[in-house]
Amino acid sequence: MRAAVIIFPGSNCDRDLLSALSLAGHETFSIWHKETELPNNIDLVAIPGGFSFGDYLRCGAIAAKSPIFKEVIKHIDRGGYALGICNGFQILTEAGILPGILQQNIGTKFISKVIDLRVNNTSSTFTHNYSSKNIISIPIAHHEGNYFASKDDLKNLHDKNCIAFEYINNPNGASDNIAGILSENHRVLGMMPHPERHVENAHGCQDGYPFFEGLLATS
Amino acid sequence: MKARVTVMLKEGVLDPQGEAVKHALNSLKYNKVESVRQGKLIEINLNETSERRAKKSIQEMCEKLLANTVIESYEIEII
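Chain order of the listed sequences is A and B. Note that the first sequence covers residues 0 to 218 in numbering that gives the first Met the number 0. Note that the second sequence covers residues 0 to 78 in numbering that gives the first Met the number 0.
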C-alpha cells in the first residue's frame, strides 16, 4: 500500500508507525498537517499517536480541524482506507468519522502497559491476519481511552460487526470493553492500543506485525 | 462584544475528574459535598454589535469545535 502518515505538532508515534509500515513492505509518506494535498494514489491514511496540539480543548479536537484533514475526509469519502492509533483514534472520533468519543480513563490515571486483546472482527483489511481465537499482546499508553458511545451507536457497532478489538481486562472503563472500532464499510479503523510498538524482534513481542502485513493483501 | 461559553458534561455521563475532586474535598472534611462536576469556561471577544448574530455565531462555534455534543452540553452568555 501507499501509506501517508499525518503529523501534527505533538504527534510522537509517527516514526514508529512509519517504521512498522515500511517493515511490512508499504511505501510511506510523512505529511505535515498544514499540507493541503495528499500524495497521488494514496491507499491508506494513518494518523499516529501522541498529543496533537497539546490535547488542548479536547484530545484530537483541534487536529480534526487542521488543513490536511479536509483531504483526509475526502479520501475516506472516496472509500479510502484510514487508520487512527491512540490520539489518531481520538482525532477520527472528533472529526465525526467514527462514532462516540474517548473520555478520560475511569481511574483518572495515565495507563502505560502491555494488555491482552481479543480480535473480534477477523475479516477487515486490518485484522484478517488474526483468527478469532487469537489473544494478542499490544501496548497501551493513554489518559483518554475510555470509549463512550450512545446506546444506539453501540448497538450499531455490534450489529455491523464494527468492533475490531476488545480488552480482555478492561483497563480504562471503555463501554463493552471496546479497544478499537471500524467504520460501517470496515475501511476505517480507530484503536487505542499501539500495534506499531510490537512489530520487531527487539520489541520482545511481534503480535502487531500481522496487522501491518495484512494491509498488503488489499493494496 | 464579549461572551462566556460554559461547556459541561451532559447529565448521566461519568465525570472521573469531578469524582476525584469530590473525594479530595471530602477528605478535607467538607463532608457535605455530595457531588462535583467539572467543566470548561471559555471567554470570547467578538467583533460584533448584534447580540443575536453573536449568539448565532457562537452557537455554530460550539457545535463545530468548542463542545463535543456526544457527551457535552454548552451554555452561551453575552456579558
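Don't read these hints as lab results, they were simulated from the structure. Treat each hint with caution, since some may be false.
[Claimed, not checked] Straight line, CA to CA, 30 Å or less: simulated DSSO-like cross-link-like pairs of lysine-lysine:
#, chain 1, residue 1, chain 2, residue 2
1, A, Lys108, B, Lys28
2, A, Lys150, B, Lys63
3, A, Lys159, A, Lys73
4, B, Lys55, A, Lys33
5, A, Lys150, B, Lys21
6, A, Lys108, B, Lys31
7, A, Lys69, B, Lys54
8, A, Lys69, B, Lys21
9, A, Lys73, B, Lys63
10, A, Lys159, B, Lys28
11, B, Lys54, A, Lys64
12, A, Lys154, B, Lys9
13, B, Lys55, B, Lys21
14, A, Lys73, A, Lys108
15, B, Lys55, A, Lys69
16, B, Lys9, A, Lys159
17, B, Lys28, A, Lys73
18, A, Lys108, B, Lys54
Results of checking the hints against the structure:
Between A:Lys108 and B:Lys28 the alpha-carbon distance is near 24 Å, which keeps this suggested pair within the 30 Å criterion. Straight-line distance between C-alpha atoms of A:Lys150 and B:Lys63 comes to about 23 Å, which keeps the hinted pair within the 30 Å bound. Straight-line distance between C-alpha atoms of A:Lys159 and A:Lys73 comes to about 23 Å, which keeps the hinted pair within the 30 Å bound. For the hint linking B:Lys55 to A:Lys33, the alpha-carbon distance of about 29 Å falls within 30 Å, and the restraint holds.
This hinted pair checks out: A:Lys150 and B:Lys21 have alpha carbons roughly 28 Å apart, not beyond 30 Å. For a cut-off of 30 Å, the pair hint linking A:Lys108 to B:Lys31 stands: about 26 Å separates their Cα positions. Between A:Lys69 and B:Lys54 the alpha-carbon distance is near 27 Å, which keeps this suggested pair within the 30 Å criterion. The hinted pair formed by A:Lys69 and B:Lys21 fails the criterion: a straight-line CA distance of about 41 Å is larger than 30 Å.
A hinted pair counts as satisfied when its Cα atoms are at most 30 Å apart, and A:Lys73 with B:Lys63 qualifies at roughly 18 Å. Distance check on the hinted pair: A:Lys159 and B:Lys28 sit about 50 Å apart at the alpha-carbon level, beyond 30 Å; violated. Using a Cα cut-off of 30 Å, the hinted pair B:Lys54 and A:Lys64 holds, with the two alpha carbons roughly 22 Å apart. The straight-line distance between the Cα atoms of A:Lys154 and B:Lys9 is roughly 21 Å, inside the 30 Å bound, and the hint therefore holds.
Between B:Lys55 and B:Lys21, the direct Cα distance comes to roughly 35 Å. Violation of the 30 Å bound is thereby established for this hinted pair. Between A:Lys73 and A:Lys108 the CA atoms are separated by roughly 36 Å; this puts the pair beyond 30 Å, and the hint is violated. For the proposed pair B:Lys55 and A:Lys69, the alpha carbon gap of about 24 Å is at most 30 Å, so the pair holds. This hinted pair checks out: B:Lys9 and A:Lys159 have alpha carbons roughly 27 Å apart, not beyond 30 Å.
Of the pairs offered as hints, the one joining B:Lys28 and A:Lys73 is violated, with about 55 Å between alpha carbons and a cut-off of 30 Å exceeded. Among the hinted pairs, A:Lys108 with B:Lys54 is inconsistent with the structure: their alpha-carbon atoms are about 37 Å apart, more than 30 Å.
This entry does not satisfy hints 8, 10, 13, 14, 17, 18, going by the numbered hints stated previously.
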